[in-house]
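Enquirer: For reference, the chains in residue letters:
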Amino acid sequence: MKRNTLLSAILSISAAVALCLAFSPALSTAIPAFAQNQGPQAGLSPGDKQVVATFEARVKEYVKLRESLEGKLPKLSQDATPEQIEKHKTTFQEIVRAARSGAKRGDIFTPEAAALIRATIKREFKGTDRQELRKTVLVEADTKAIPLRVNYPYPESEELLEMPPTLLLKLPQLPKQVKYRFVGRNMLLVDRENGLIIDYMLDAVP
Amino acid sequence: MRRNLGLMLIIAALAFGALRQDSFGQSYSTSGSKTSAAASAPLRLSLPMKEGSVRFVVIGDTGTGGKEQYQVADLMTQYRQVYPFEFVLMMGDNLYKGEKAEDYKKKFEIPYQRLLDQKVKFYATLGNHDESNQRFYENFNMNGEEYYRFKKGNVAFYSLNSNYMDAKQLKWLEEQLSKDDSEWKIAFFHHPPYSSGGKHGSETELREVVEPLFLKYGVNVVFAGHEHFYERIKPQKGIYYFISGAGGKLRSGDVKRGSPLTEKAFDKDLSFMLIEIAKNELHFQVISRTGETVDSGVLMNQRKKSMAAAK
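Chains as they are written, first to last, in this note's numbering: chain U, 802 to 1007; chain V, 8 to 318.
None of these hints come from the bench; they were simulated from the model. Each hint should be verified, as a subset may be incorrect.
[Said to hold, decoys possible] Label-pair restraints from in silico Cβ distances:
hint: 1; chain 1: V; residue 1: Glu288; chain 2: U; residue 2: Ala916; range: 50 to 58 Å
hint: 2; chain 1: V; residue 1: Lys74; chain 2: U; residue 2: Ala854; range: 50 to 58 Å
hint: 3; chain 1: U; residue 1: Gly848; chain 2: V; residue 2: Glu116; range: 50 to 58 Å
hint: 4; chain 1: U; residue 1: Asn987; chain 2: V; residue 2: Lys244; range: 34 to 42 Å
hint: 5; chain 1: V; residue 1: Gly245; chain 2: U; residue 2: Asp908; range: 44 to 52 Å
hint: 6; chain 1: U; residue 1: Pro976; chain 2: V; residue 2: Lys186; range: 34 to 42 Å
hint: 7; chain 1: V; residue 1: Lys186; chain 2: U; residue 2: Ala854; range: 31 to 39 Å
hint: 8; chain 1: V; residue 1: Lys186; chain 2: U; residue 2: Gln932; range: 33 to 41 Å
hint: 9; chain 1: V; residue 1: Lys178; chain 2: U; residue 2: Glu868; range: 21 to 29 Å
hint: 10; chain 1: V; residue 1: Leu123; chain 2: U; residue 2: Ser846; range: 55 to 63 Å
hint: 11; chain 1: U; residue 1: Thr891; chain 2: V; residue 2: Glu116; range: 18 to 26 Å
hint: 12; chain 1: U; residue 1: Lys850; chain 2: V; residue 2: Gly304; range: 49 to 57 Å
hint: 13; chain 1: U; residue 1: Gly928; chain 2: V; residue 2: Pro242; range: 28 to 36 Å
From the three backbone atoms N, C-alpha and C, an ideal C-beta is built for every residue, glycine too.
Only chain V is shown next, with the shape it has when bound in the complex:
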């Protein structure tokens, strides 16, 4: 009898622990994963969840296969229950230290398995730790190309290979952008054109060749990784720049304090971004490994904004 009571108490405690409350008062259960989640804060969503919006996640520098990567992946999976994002942008360094078949499993397939099972698509870009052959990998959706474009709703995405920005790639980018009439144009690649990182900093050489094209053809937003922290850069020449490179690795305290580039930064823990694009608005929410919202806000489409101002 006493033994049964003890067993019941354990089961009740486990069930209680698996149920959590979100900000809308809906309860949901955290599904079991190999690694216990680090998140302690309840899931809070600050995105508007508008009908017909484009919903995705941005992660970068993930492929360690370490406990922290799994914890972030677990939290992403939990968030999908309250924010059903359709796809994930990967900012490169998808597989650190080796690209054998088992590396793909340990550093990508296992941590994101539940998202893959839910048909969430991952769109990768190549980092300085990634081999070109990743472009053939079925789950990275690169169609065998080192740089490629895809479209979701009114948003065009350009995945670029910033390891090797040669004349061929620049020509391709200009050709694609020049005929693109999408309302939002988003570029993503590994090396950040602007950064307050102490170890790397801004990639000025890269910026010198890509930014003129972004400006000429109205690229709205740029996502990058490489720096193992989160940073929202103050708009540069009207373009919104983000760094989301702490999906698996952290360079704690690397953001230069007082940097004139920083609008908001977080370098105390790993993080990922939730993005929602609804008509002229881009909403973002940045979540730490422990479940804290470390940045959030809404940005207006620059072209629509300037048109409205001109009226």
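Isolated chain U (complex conformation):
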């Protein structure tokens, strides 16, 4: 009797799981295959996975620091005035810059991480259909006035070049507080609130 109950319970659970999988509206079907199967970790060697893990850990370390610093500032509400937004940004910049005064290029984009990212971008920009994309990154946006300096702000008056979505899906994923940016052939990590350049790597685009 007990055995029958157990068996029917297992069967019911299996059927429920199968139904859920069959009708699940999750990400599985609509997002193009490259995004599902060839994500940042797909096809990486154990060594490369370790490089990505180190890169992500260093980004997280930065995020932890900036979160603790931002926590000391008055919280910016969802209906802030322009004055509040400006003050929050400049104060936030000041305290992060002070806390990271010794930060230098390569702290996060280690040589290993930079090499891996460079290879990922090279693969993504390969092929005739991606030539236009490369041109867009290199030519379309005028980013000459942006200084490549760690712990300095990305000038707010300058254009932000759109990051190619197909490439974003292949690069190591970042927490929401940090973004990749191209400036010419170089790639930056920029804080989305205070606008500081956290790190950068040269010649990211082949």
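Starting from the known structure of chain U, arrange chain V on it as the hints suggest.
Expert: Same frame as chain U, now just chain V:
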């Protein structure tokens, strides 16, 4: 006596100039603004103004703080008297060349002050000239998010951040769309998936990742900016695509002539769109800075249309 007569003539001329006639024969006055309006044509409304309809405006690439932006803003304000729209969708590049407090004022608050006073809500999306911090700005109604959803009547609106379409955003979009049973689903963002622009053109990378979701979950209409002109794209895979990116800047003559994508385009002057959604119909009217209607029409809800055809 002669002096008084002269004064009276001036006052009469000013009063006459401030009164204009709309297409329904109603007279209304243009309220004074800092910049003289460029509009010379009378206000003509081709929208049906149906009861209970969702009424809004679409503008893009506005934030120059220049005379032309103010002129378009002034005309929008005038049109609200004949077409009382409830809100405005902004296609990004809301603030060019700087985001100090005075930039918000000069490039947004002052030109649209009378609309803000009338409680018209602006819903913004981020362009390639916009910092992420704009999402906190009270008048952009972004609720602190770079991408967000809101609903008006039977219409769901999805504001996306096309500067940075990463896996997180795509996941959010799919989760939201998959449970959305609204009759109309409208997405708006800065970079156009289809465009006949000579400078930029279609954003094929972006299209590659968002269009499958639009198709799977029945997004009806997409509005974008980035290109500084107006373009109505021929329906692509059943979806209606518009570009409205000339609310403050113009790239004159940039639309490629003979482009197979173009249903209608206007790149000779700045423009904005009036939209009215009434049940299964989306009515649109595009107005130039000088007050000319440069495009108008009605589009049927694709899902309702296909259901009717199947019956």
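Enquirer: So, for every hint listed, does it hold in this structure?
Expert: Results for each hint:
no.: 1; hint: V/Glu288 <-> U/Ala916: 50 to 58 Å; verdict: holds (56 Å)
no.: 2; hint: V/Lys74 <-> U/Ala854: 50 to 58 Å; verdict: holds (54 Å)
no.: 3; hint: U/Gly848 <-> V/Glu116: 50 to 58 Å; verdict: holds (54 Å)
no.: 4; hint: U/Asn987 <-> V/Lys244: 34 to 42 Å; verdict: holds (37 Å)
no.: 5; hint: V/Gly245 <-> U/Asp908: 44 to 52 Å; verdict: holds (49 Å)
no.: 6; hint: U/Pro976 <-> V/Lys186: 34 to 42 Å; verdict: violated (26 Å)
no.: 7; hint: V/Lys186 <-> U/Ala854: 31 to 39 Å; verdict: holds (34 Å)
no.: 8; hint: V/Lys186 <-> U/Gln932: 33 to 41 Å; verdict: holds (39 Å)
no.: 9; hint: V/Lys178 <-> U/Glu868: 21 to 29 Å; verdict: holds (22 Å)
no.: 10; hint: V/Leu123 <-> U/Ser846: 55 to 63 Å; verdict: holds (56 Å)
no.: 11; hint: U/Thr891 <-> V/Glu116: 18 to 26 Å; verdict: holds (20 Å)
no.: 12; hint: U/Lys850 <-> V/Gly304: 49 to 57 Å; verdict: holds (54 Å)
no.: 13; hint: U/Gly928 <-> V/Pro242: 28 to 36 Å; verdict: holds (29 Å)
The structure does not agree with numbered hint 6 stated previously, though it agrees with all others.
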